[in-house]
Amino acid sequence: MNTVYILWLRQLKKYLRSTPRIIGSLGQPLLFLLVFGFGFGSIFAKAGEGSYIQFLVPGIVAMAVIFTAIFGGIELIWDRQFGFLKETMVAPVSRFNIMLGRTIGGATVSVIQGIAVLIISFFVGFKMHNPLMIFPALVFMFLTAFFFTALGTSIASRLMDMQAFPIIMNFLVMPLFFLSGSIFPLENAPKALQILSKVDPLTYGIDGLRYVFEGVSSLNPWADLVYLLGFSIIVFLVGRFLFERMEA
Amino acid sequence: MSKIIEVKNLNKKFGDFTAVNDISFSVEKGNIFAFLGPNGAGKTTTIKMLTTLLPPTSGNVKVNNFDLNTDRDEVRKSFGIVFQDPSLDDDLTAYENMNFHAVLYGVPKEEKEGRIEELLRLVDLLDRKNDYVKNYSGGMKRRLEIARSLIHNPEIIFLDEPTVGLDPQTRNHIWSYVVDLSKRKGVTVFLTTHYMEEAEKMADKIVVIDHGKIIGSGTSDSLKKDTGAESLEEAFLKLTGSEIRHDEAGSLDSLRTHARVWGRTRR
Ligand SMILES: Nc1ncnc2c1ncn2[C@@H]1O[C@H](COP(=O)(O)OP(=O)(O)O)[C@@H](O)[C@H]1O
Ligand SMILES: [Mg+2]
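Protein sequence lines, in the order shown, are assigned to chains A and B.
Quick note: to get our numbering, add 86 to the position in the first sequence (first position is 1).
Quick note: to get our numbering, add 1 to the position in the second sequence (first position is 1).
Keep in mind the hints are simulated off the structure, nothing from the lab.
A few of these clues could be false.
Stated by the list, open to error - Cut-off 25 Å, straight-line C-alpha distance, at most; resulting in silico cross-link-like pairs (DMTMM-like, lysine to aspartate or glutamate): (1) B:Lys14 x A:Asp247; (2) A:Lys100 x B:Glu97; (3) A:Lys99 x B:Asp128; (4) B:Lys14 x B:Asp211; (5) B:Lys63 x A:Asp247; (6) A:Lys100 x B:Asp128; (7) A:Lys100 x B:Asp86.
To be verified - Some chain B residues near chain A, calculated using beta-carbon distances under 8 Å: (8) Lys78; (9) Asp86; (10) Pro87; (11) Ser88; (12) Asp92; (13) Tyr96; (14) Tyr106; (15) Val108; (16) Val165; (17) Leu167.
The beta-carbon is built from N, C-alpha and C at its ideal position, and this holds for glycine as well.
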């Protein structure tokens, strides 16, 4: 347990000490919030879908969470290249706990980033129907973050350097983001998109967030929770398998 | 005297390439043992195997009487290591790096602070303990790594080229800690270095490896006698030839460039 704690603490400290990183990873979600929020707001309202900001914010919060999370996972590459990974790998502790500490640490940092975006979105007019629902919101954010950190770690354990990072962002993370119903409703989308969205774990994260923020969702929020948990456990176990076989 | 490290017929292949070729040797408890060889000889690969970082292709290894294949965690508790490449977290302070290690190795809470302080004092870094490691010089980082490797009171300490790139003053300093340690605490020292005078002065036993094979072993005196050389350096050159070996291209350097592109800076 101490292992998990000290690894978690390390991730948190490194994050809080890196102001450029905090600001940098707020940039893209805020840009999306402003451009889409104000750009599409009136069309959205005309189409009878209600307030676009209310619809968009859960997606943008998720965006901040998943980008930070995937990056936190991929950071394993740096730990390997700058040698710190060896220090953890020669220690008499289980690989499972190392992986768990890293993942929880990365996920915590991502949730903080998501909360920052949420706070900013209150200033552009976003409202929560019930402030107490922030607690279930944290659960959905954390599980989403956990999934993407573990995903990033899995990928990183197979890569030797950061060169593939843009490929991962453009061909994996962005499609998962757009397919999840984050910035447009999936109800009227083509059948193929709807089917794809079902295997995108982020769909359930965002649907769950919409429920807790707005009180409305397309699926049962408990089902969202179960799916998200299931996806998280699977990718964590895959990541652990790959992590154990990785060369430090 | 008892053997604290026993290596029998150890092999490591990377694909078709044999980096370590059927080597056998042992290290006596409390000794300073020097593992010498030109670049690419297989020293680091051997150390990585002895320290559980790399699975051997074949062979038997016992460290502190524990079998490498079956008692990994016991083996891991037995040694401390200073890697050839840096292994500190630059974004943490010296104290935080030490504390991280102490927690991972399960050092009892009551003893932790005292040991960290004692070791930081030993390497003259106590007054800089709250500085970020990124602000440390190369020599200070090395000293910190040595201090860190000792927090859990290991029986053995591995030092893979600990003095490379350091000025003579710092090198002297580091070796005087090491000799002191082996004398006072009876810690077994397993070291590699390219500075033959260092090995000549300190090592109780020397093994020379080249192209993955052991090509000489004994004391500094016996190696000189066997080769008819005046100094260990001459003996080393007679054993390994004088052809120049190339170090691997700096993969770390190219990565640093990427890290910078991706918004993180390192010194
Ligand atoms: N992961 C690896 N994959 C392929 N070859 C490797 C790997 N690690 C080391 N080698 C090769 O094994 C040989 C021995 O390397 P090493 O043990 O680092 O030498 P030394 O530490 O004696 O300089 C070198 O030729 C090196 O290129
Ligand atoms: Mg080496």
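Verification of the hints:
Taking the CA atoms of lysine 14 of chain B and aspartate 247 of chain A, the gap is about 23 Å. The hint holds against a cut of 25 Å. Under the criterion of a C-alpha separation no larger than 25 Å, the hint pairing lysine 100 of chain A with glutamate 97 of chain B is consistent with the structure, at around 11 Å. Distance hint between lysine 99 of chain A and aspartate 128 of chain B is fulfilled; the C-alpha atoms sit about 22 Å from each other, no more than 25 Å. Between lysine 14 of chain B and aspartate 211 of chain B, the direct Cα distance comes to roughly 15 Å. Compliance with the 25 Å bound is thereby established for this hinted pair.
With a C-alpha separation of about 34 Å, the suggested pairing of lysine 63 of chain B with aspartate 247 of chain A is violated against the 25 Å cut-off. Between lysine 100 of chain A and aspartate 128 of chain B, the direct Cα distance comes to roughly 23 Å. Compliance with the 25 Å bound is thereby established for this hinted pair. Among the hinted pairs, lysine 100 of chain A with aspartate 86 of chain B is consistent with the structure: their alpha-carbon atoms are about 21 Å apart, no more than 25 Å. Given hint, lysine 78 of chain B at the interface with chain A, holds; its Cβ is 5 Å from that chain's nearest Cβ, closer than 8 Å.
The interface hint given for aspartate 86 of chain B holds, since its Cβ lies 5 Å from the closest Cβ of chain A, which is under the 8 Å cut-off. For proline 87 of chain B, the interface hint holds, since its Cβ comes within 8 Å of a Cβ in chain A; the closest pair sits about 5 Å apart. Here the hint on serine 88 of chain B is kept, as its CB sits about 4 Å from the closest CB of chain A, short of 8 Å. Interface restraint check: aspartate 92 of chain B against chain A, minimum CB-CB distance 5 Å, threshold 8 Å, status holds.
Evaluation of the tyrosine 96 of chain B hint against chain A yields a violated restraint, the C-beta minimum of about 12 Å exceeding 8 Å. Nearest Cβ of chain A to the Cβ of tyrosine 106 of chain B: about 6 Å, under the 8 Å cut. The hint holds. Of the supplied interface hints, the one on valine 108 of chain B is violated, with its beta-carbon coming no nearer than about 10 Å to a beta-carbon of chain A, more than 8 Å. With a least beta-carbon distance of about 14 Å to chain A, the hint placing valine 165 of chain B at the interface is violated under the 8 Å criterion.
Given the 8 Å rule on beta carbons, the hint for leucine 167 of chain B is violated: about 17 Å separates it from the nearest Cβ of chain A.
Hint compliance for this structure: hints 5, 13, 15, 16 and 17 are not met, and every other hint is.
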